[in-house]
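Novice: Protein chains in written order, with my numbering: chain E, 1 to 501; chain X, 1 to 309; chain B, 1 to 287.
One or more hints might be untrue.
Unchecked claim - Once the Cα atoms are required to be at most 20 Å apart in a straight line, the calculated SDA-like pairs of lysine to any residue come out as:
| no. | chain 1 | residue 1 | chain 2 | residue 2 |
| --- | --- | --- | --- | --- |
| 1 | E | 131 | X | 47 |
| 2 | E | 387 | X | 28 |
| 3 | E | 376 | B | 144 |
| 4 | E | 421 | E | 392 |
| 5 | E | 387 | X | 128 |
| 6 | E | 339 | E | 354 |
| 7 | E | 131 | X | 28 |
| 8 | E | 174 | X | 54 |
| 9 | E | 376 | B | 254 |
| 10 | E | 485 | E | 328 |
| 11 | E | 448 | E | 251 |
| 12 | E | 387 | X | 47 |
| 13 | E | 334 | B | 254 |
| 14 | E | 387 | X | 227 |
| 15 | E | 174 | X | 43 |
| 16 | E | 166 | E | 179 |
| 17 | E | 210 | E | 421 |
| 18 | E | 144 | E | 82 |
| 19 | E | 81 | E | 166 |
| 20 | E | 251 | B | 144 |
| 21 | E | 421 | X | 26 |
| 22 | E | 120 | X | 53 |
| 23 | E | 485 | E | 120 |
| 24 | E | 387 | B | 95 |
| 25 | E | 251 | B | 54 |
In short, the hints are calculated from the structure, not lab data. Here the structure is a predicted model, which is why all the values come from computation and not from measurement.
If you want the building blocks of each chain, they are given just below.
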Amino acid sequence: MKSARLFIAGVALGALSAFAIGPAQAGRDRLVVDLVNEPSSLDPHVQWNPDSYYVYRNIFDNLLTRDDAGNIAPQIATSWKQLSDTEIEFTIRDDVTFHDGRKLTPEDVVYSVTRITDPKFGSPQLGQFNKITGAQASGPNTVKLTTDGPYPALLAQLVKLSIVPKHVVEAVGKDAFNQKPVGSGPYLFEGWQRGVQVALKRNDAYWGPKGKFPAAIFRAVPDAATRVANLQAGSSDLGVSLDSDQAAQLKSSSRAKPLAVLTERVAYLRLNPSKPPFDNADVRRAVAYAVDKEGLIEGVLGGYDKAVPIMLTPVHVGWVEGVKAPAYDPAKAKALVAKAGAAAKAEIELATAPVFDQRVVQAVQQMLTDVGLNVKIAMSDMASYLKRAQSGPETVPSLSFGRWSCACQDADGVIFPLLHKSSGWSAYRNTKADELLEAARATLDESKRIAAYKQVHEIVADEVPLVPLYQSAIIYGAANALQWKPTPNESMFLNRMDWKD
Amino acid sequence: MRSFLLRRLGQAVVTLFGVATLIFFLQRLTGDPTYLLVPETATPADIEAMRRTLGFDRPLIVQYLSFLADLARFDLGRSVVQNVPVSTIIASRVPYTLMLAGGALLVACGIGIPVGIALALWRENPVSRALAGLVLAAQSMPTFWSGILMIMVFAVTLRWLPPSSTGGVEHLIMPSIALGLLSMATFARITRTALLDELSKDYVRTARARGASRRWILVRHLARNAAIPVITVAALEISNLLAGAVIVETVFAWPGLGQVTVQSILARDFLVVQGVVLLGAFVTIGLNVLADILYSIVDPRIRLDGVAR
Amino acid sequence: MTARPATLHPERARRRVRLATWIPLAIIVAFVLVAILAPYIAPYNPNQQNLLARLRAPGFVSRGVTYALGSDELGRDLLSRLIHGARISLLVAFASVLISGTVGVTLGMLAGYLRGTVETVVMRIVDVFLSIPAILLAIITVAVLGPGLVNVILVLALTRWPRYARVAYGQTLAVANMPYVRLATFMGASPSRILLRHILPNIIGAVTVVATLEFGLMVLFEAGLSFLGLGIQPPTASWGAMLSTGRSYLANAWWIATFPGLCLFLLVLAVNLLGDDLRDRFDPRLS
Chain E
1 MKSARLFIAG VALGALSAFA IGPAQAGRDR LVVDLVNEPS SLDPHVQWNP
51 DSYYVYRNIF DNLLTRDDAG NIAPQIATSW KQLSDTEIEF TIRDDVTFHD
101 GRKLTPEDVV YSVTRITDPK FGSPQLGQFN KITGAQASGP NTVKLTTDGP
151 YPALLAQLVK LSIVPKHVVE AVGKDAFNQK PVGSGPYLFE GWQRGVQVAL
201 KRNDAYWGPK GKFPAAIFRA VPDAATRVAN LQAGSSDLGV SLDSDQAAQL
251 KSSSRAKPLA VLTERVAYLR LNPSKPPFDN ADVRRAVAYA VDKEGLIEGV
301 LGGYDKAVPI MLTPVHVGWV EGVKAPAYDP AKAKALVAKA GAAAKAEIEL
351 ATAPVFDQRV VQAVQQMLTD VGLNVKIAMS DMASYLKRAQ SGPETVPSLS
401 FGRWSCACQD ADGVIFPLLH KSSGWSAYRN TKADELLEAA RATLDESKRI
451 AAYKQVHEIV ADEVPLVPLY QSAIIYGAAN ALQWKPTPNE SMFLNRMDWK
501 D
Chain X
1 MRSFLLRRLG QAVVTLFGVA TLIFFLQRLT GDPTYLLVPE TATPADIEAM
51 RRTLGFDRPL IVQYLSFLAD LARFDLGRSV VQNVPVSTII ASRVPYTLML
101 AGGALLVACG IGIPVGIALA LWRENPVSRA LAGLVLAAQS MPTFWSGILM
151 IMVFAVTLRW LPPSSTGGVE HLIMPSIALG LLSMATFARI TRTALLDELS
201 KDYVRTARAR GASRRWILVR HLARNAAIPV ITVAALEISN LLAGAVIVET
251 VFAWPGLGQV TVQSILARDF LVVQGVVLLG AFVTIGLNVL ADILYSIVDP
301 RIRLDGVAR
Chain B
1 MTARPATLHP ERARRRVRLA TWIPLAIIVA FVLVAILAPY IAPYNPNQQN
51 LLARLRAPGF VSRGVTYALG SDELGRDLLS RLIHGARISL LVAFASVLIS
101 GTVGVTLGML AGYLRGTVET VVMRIVDVFL SIPAILLAII TVAVLGPGLV
151 NVILVLALTR WPRYARVAYG QTLAVANMPY VRLATFMGAS PSRILLRHIL
201 PNIIGAVTVV ATLEFGLMVL FEAGLSFLGL GIQPPTASWG AMLSTGRSYL
251 ANAWWIATFP GLCLFLLVLA VNLLGDDLRD RFDPRLS
């Protein structure tokens, strides 16, 4: 009954506030950002959600960060030292205060690590941090982390570790903290009009580079055409997730412009070698020869994206030049299909989801059809797509289109889950590749890792369990006056933006 | 009368229970939210752990019973995606849904009823035929297309109105029109039929024979009597408007219940979907029961108890 | 404010009725013909892409291909897609109206004639179904049966039958009380005979009117499903799918959404006009 009364009170309050709070109008002292959906939560440890990520990264600092060039750089940790293969010590900045005025201490760092790695806490990000087995304050301003073995991607993962204030979280509890997060970042949480917008205010006491906008507002605008219209009408300053045709539309606008950057996302086709016709390696190779990546990029994607020969991008650790991969050669593809005979005519299901670029999926289907394969597109919603994509070799679709991001810029987060037999994503079984992937994961020696990955890339190029397509560009729409250089890791730091004079 | 009421209410409760049960099990056919909540790099073990944390590893019947137990306490549960009580999410959206439905109803009645009257009184007039055509035409346009067209014209090119989102009354104008266009024709039709119905009745003929002016008849008798079916339809149309708002809400970034329903269905946020659907069913079924009772009062010919008199 | 009663000019009224029937009917027949003859009248293969001729305006000529209505986001001929799209859109609308109408009318008549338990159960099931969002049924169908044309029809039928059931139920209640039906019952006619011979002919008018309205809605709903990514699978052309992709190109390639929008609009309008006309004919008060 209590919740019923609460509900009625909530409705009344909502009705009052709906008209009370003025429209979000873009202006110089307030940045208006159009996201796709509303953030799911603002507690950095309880979700893995892109819309939340854009917002909370401005409220919280992370242990490490990446600079605009993409290199791992200090943030809360000023320096770090590898003590052994499994131990690393971070020196913690001593001039950081949380938004409530309390100083950030090594205890807060330790608390943040133990919170997110506690299986009982149930963070969706657990898998990114559960190699960390221990965290302790080893000195007045140092923290030592222990891992359960050598873990080469540790620093890349710690870029995403937000530091939360122990005293606040323990005092108010998980739910209240989620509703009213307190961090140490360049912007502080001001209010959340649920369903409508999240408002942030500049943290004038920030220890690092301060924001240029006194306030920022994040809204949910699910339709991309509406996000474009908002930019053209001047009612927003920044909009996410546009495609190349929408970018072209903005180019002809007097008020807004597209901002594009190549990300760490790789677009790929995944083949299921246990299903006909892809149980025949020649038919798999035919797919690799049939896809005209440059044609896709120039013809459909507006030239923003970049073709890749291997299942990585140049911003990943593990990227190697000079792997000989099949290049576009429709004649060769046709010959391979002909050689496979009637077996190559088996129907191929091309699985996709609405979030992916359907222009690309249809163009790929046409290219494969042109060389004599029988491809049918099957689109399902994202949850069904993901479930099926990770269901094992018997039920994984014979062909699927996807865009992979591990948010870690390390080969271990890309080709390991896509190929290794322990992963739900893998429909490919190759003992040699599995061993190489395991070896690359178990050493901190980067040259050894790269040598192992190079061999894996060569196996992929020859056996074609995957066809790497291109390094995806992400396109934002921005007001003409906004100056910002988007980064490959798709973060959106407000204090790295400015108005043009 | 009382026994009818009791039975009708009992049926309403059973129906609600049916909705709750069906929606619970139907949703479970579509998997669970785990895959959407974890990063792509999550291993099968990570996914299993997450599923356990969320409680989706429990047998279906256990989940169902716990849902019913919560429901019995008027507790709709918590959203596993947004980490807040379902009632908070619904409460934040209801005002916007009501505003949009109200605006749309205003548009639909404001245009539909006058057109209906014109159609009934001046059937031969080319102007009213043209009006009828326009109203039908408006209904034949898909909202996601007319919506974006309106945004392009009135917000981007002419800059008269804000393109999307919430704020002052000016934000409500385009979404209301987009949604209202869909029910306009219904109102026009009902108004016309009701008026023609009344026009053919004896009292109008008598009044006319006595020499009463047409205008006087219209105001005194027709308006009042013809209003009853129009109001009935309005009540039913409200639930249609609430349901049909999804696309309008998506195009205009309007934070109503329709959007949250679709997003929650796609996100497999089961409890939110259950909450919204139950609320909708409660309102619809409640309106139906109310309509049945009103009918019985207005028109005693309708037999309530199913037994011939 | 002088209105002449229609009866004063029987000649004119009859001609108007004929026009009001024939014009929409002609439009519908034309669309049906286009749909049936699509492979013969479409100038090109509707799925043939040309990435070098994307988003070209109507009249564009490239490599000997004339894009009479322009090209779409993958350089396909819009006219050919429009013609083939008519097939899918009409098929979806016809089939879903037929299925949901048959199911709904059967159940509604049974409920209205048999009353008692059947009535309660059927009408409460109708209530339950009306409470479940169509998109949820769509996702469930896709999740369980996979995407495709047949399943789109199934989704539409599943979500729409309660509406027919309601109308059929209400009409049956009214008709079942009429003296001649009672007489037939008294004379010992079987329930199935009464339902088919006495009740159905009397309610079919009202049902037809609903069906015409629903027909237009089904074309729009298919478009709505495409908008949510749950409709007909690409690259198959349907007006709904063309419209939902084309709408994001309104500013730089207006033709993609405008032509299917126009066709859809014309079809729905024609069907609605026909429905209104039928309603006028079946409604004794208006004659």
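Novice: So which of the earlier hints does this model not fit?
Specialist: When the structure is compared with the hints, numbers 5, 6, 7, 9, 10, 11, 13, 14, 15, 17, 19, 20, 21, 23, 24 turn out to be violated.
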